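Each chain, written out:
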Amino acid sequence: MVAALQNGSVIDHIPTDKLFTIVKLLELEKCNEPVTIGNNLESSKMGKKGLIKVSDKFFTDEDLSRLAVVCPNMRLTVIRDYEVVEKREIVLPDTLTNLVKCANPVCITNNEPMKTYFEVDKLKELVRCHYCGKTQKIGKINLL
Amino acid sequence: MENRSIVSIADYSTEKIQYLLDMAAEFERQPNRTILQGKVVATLFFEPSTRTRLSFETAANRLGARVIGFADPKITSGTKGETLKDTIKMVSNYADVIVMRHKLEGAALYASEVTDVPIINAGDGSNLHPSQTMLDLYSIYKTQGTLNNLNIYMVGDLKYGRTVHSLLMSMRPYNPTFHFIAPKELEMPEEYKEYCKANSIRYIEQQDFTEDTIADADILYMTRVQKERFSDLMEYERVKDAYILRADMLSKCRDNMKILHPLPRVNEIEQDVDESKHAYYFQQAQNGLYAREALICDVLGITLDDIKNEK
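Protein chains in written order, with the numbering used here: chain A, 598 to 741; chain B, 283 to 593.
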């Protein structure tokens with residue numbers, strides 16, 4: 598179905614209900630290189646899953662952090678010259694700078710032209726606003 | 283230079299708290315000094331708060347500082363669209379310390395990040411109000427001789443009352459036992475009960491407010507049950523008189539018990555309580571002056587020794 602990538606990135610283990618959110622976050626509609634998007638593919642681990650392959654595209658750490666906020670534990674594979682050069686889980690960083698919008702309408706970050714800053718509590722699966730202290734559940738977070 | 287701002291005192295060590303209490307006591311001994319002569323204290327009240335502002339301005343004046351600032355957000359350039367950052371940057375050119383009150387949560391922390399001039403948080407929305415907490419701690423310490431092992435009864439609006447939440451957290455190291463007395467609709471929020479559990483702080487919840495239920499209190503911390511907090515006005519009508527303290531409810535209470543209230547009081551403490559030896563809310567407000575004198579000096583790097591040795 599899909600030709601092997603010569604150079605590019607594969608994001609795998611995407612929950613089927615999150616696939617199109619991920620596509621939007623990566624702004625793949627603006628991408629001019631070949632893109633393959635699959636959903637409801639069989640997966641021994643997840644039952645069904647989504648998958649995205651993008652030629653000649655290498656995501657930045659910031660791109661990946663955005664994805665992890667929406668959906669932790671996806672897998673990234675980076676391919677160069679048909680060889681897998683990197684394979685890892687997309688994990689949340691300990692802090693998120695200017696990615697997440699605070700859910701508290703009276704937080705200073707929603708009323709002042711400034712960067713947001715969140716600390717990640719992986720154990721409790723939430724992020725905490727550095728300024729007002731309000732928390733949001735990972736997976737139910739609004740991005741900026 | 284190290285930023286000495288006071289945005290929150292929640293993470294202060296017991297040593298630091300004791301140090302500030304000792305400093306407040308020194309100011310109580312002699313509130314009028316010249317140690318801040320030549321300094322300028324800015325009080326920026328982006329949200330009006332007469333009591334807090336007067337207390338801070340009195341503290342600055344009694345120590346010899348000059349005070350600049352505004353009391354009403356309508357006269358600031360914020361109404362012209364100036365950002366908080368720009369206002370803080372501008373005032374930083376003039377003042378040695380900035381005391382600020384703002385309706386937005388996290389405003390003081392942000393302000394402390396955009397300037398080298400120390401910021402004192404005089405309340406940011408419903409978030410933090412460390413100088414109120416400090417004066418509450420000082421009032422408890424002064425009347426009980428200790429902060430340790432006390433029975434603290436919190437009464438009224440425990441859901442929205444910022445002062446009770448701050449006090450609850452700041453008492454963590456002192457092995458308190460809390461009694462939360464509130465109507466169902468205004469009971470202590472889950473997150474603070476979780477905080478108590480996580481820190482092994484004992485607490486008891488009850489809805490009855492009688493002379494028997496408060497008999498074992500060392501501190502009775504009263505707050506106002508406000509009509510606008512109720513979604514169900516029938517419920518408000520039912521409970522509005524249930525959390526009013528009357529003088530005849532004090533017959534069984536401990537000799538050392540003191541009644542605190544962050545003020546303003548409306549009707550939750552009846553006037554006849556004012557004559558009681560247990561009433562302490564007006565002295566509590568006066569303690570705010572000493573606590574704020576201590577906070578202003580601390581952010582300016584003035585030590586307790588400096589104050590004691592001042593000629």
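Wrong hints could be hidden among the right ones.
Stated by the list, open to error - Here are the simulated DSSO-like cross-link-like pairs (lysine-lysine), alpha carbons at most 27 Å apart as the crow flies: (1) B:441 to A:721; (2) A:698 to B:371; (3) B:367 to B:356; (4) A:737 to B:367; (5) A:721 to B:362; (6) A:731 to B:367; (7) A:719 to B:479; (8) B:475 to A:712; (9) B:441 to A:731; (10) B:475 to A:719; (11) A:731 to B:321; (12) A:731 to B:475; (13) B:479 to A:698; (14) B:509 to A:712; (15) A:734 to B:559; (16) A:734 to B:385; (17) B:479 to A:731; (18) B:385 to A:712.
Think of the hints as simulated: they come from the structure by calculation, not from any bench.
Please read all numbers here as calculations on a predicted model, not as lab measurements.
Right, here's what the structure says about each hint:
Straight-line distance between C-alpha atoms of residue 441 (chain B) and residue 721 (chain A) comes to about 24 Å, which keeps the hinted pair within the 27 Å bound. At most 27 Å may separate the alpha-carbon atoms for a hinted pair to count; residue 698 (chain A) and residue 371 (chain B) meet this at roughly 25 Å. Of the pairs offered as hints, the one joining residue 367 (chain B) and residue 356 (chain B) holds, with about 17 Å between alpha carbons and a cut-off of 27 Å not exceeded. Pair hint residue 737 (chain A) plus residue 367 (chain B) does not hold up; C-alpha atoms about 30 Å apart against a cutoff of 27 Å.
Our distance criterion of 27 Å between C-alpha atoms is broken by residue 721 (chain A) and residue 362 (chain B), whose separation comes to about 42 Å. A C-alpha spacing of about 22 Å is found between residue 731 (chain A) and residue 367 (chain B), which places the hinted pair at or below 27 Å, so the restraint holds. Only pairs whose Cα atoms come within 27 Å are accepted, and residue 719 (chain A) paired with residue 479 (chain B) is accepted, the gap being roughly 21 Å. In summary, the hint linking residue 475 (chain B) to residue 712 (chain A) is not supported, as the alpha carbons are separated by about 32 Å, beyond the 27 Å threshold.
Under the criterion of a C-alpha separation no larger than 27 Å, the hint pairing residue 441 (chain B) with residue 731 (chain A) is consistent with the structure, at around 16 Å. About 22 Å separates the Cα atoms of residue 475 (chain B) and residue 719 (chain A), which keeps this hinted pair within 27 Å; it holds. For the suggested pair residue 731 (chain A) and residue 321 (chain B), the alpha carbons sit about 36 Å apart, so the restraint of at most 27 Å is broken. For the hint pairing residue 731 (chain A) with residue 475 (chain B), the CA-to-CA distance comes to about 16 Å; that is within 27 Å, so the pair holds.
The hinted pair formed by residue 479 (chain B) and residue 698 (chain A) fails the criterion: a straight-line CA distance of about 30 Å is larger than 27 Å. Of the pairs offered as hints, the one joining residue 509 (chain B) and residue 712 (chain A) is violated, with about 37 Å between alpha carbons and a cut-off of 27 Å exceeded. Between residue 734 (chain A) and residue 559 (chain B), the direct Cα distance comes to roughly 49 Å. Violation of the 27 Å bound is thereby established for this hinted pair. Among the hinted pairs, residue 734 (chain A) with residue 385 (chain B) is consistent with the structure: their alpha-carbon atoms are about 25 Å apart, no more than 27 Å.
A hinted pair counts as satisfied when its Cα atoms are at most 27 Å apart, and residue 479 (chain B) with residue 731 (chain A) qualifies at roughly 20 Å. Of the pairs offered as hints, the one joining residue 385 (chain B) and residue 712 (chain A) holds, with about 19 Å between alpha carbons and a cut-off of 27 Å not exceeded.
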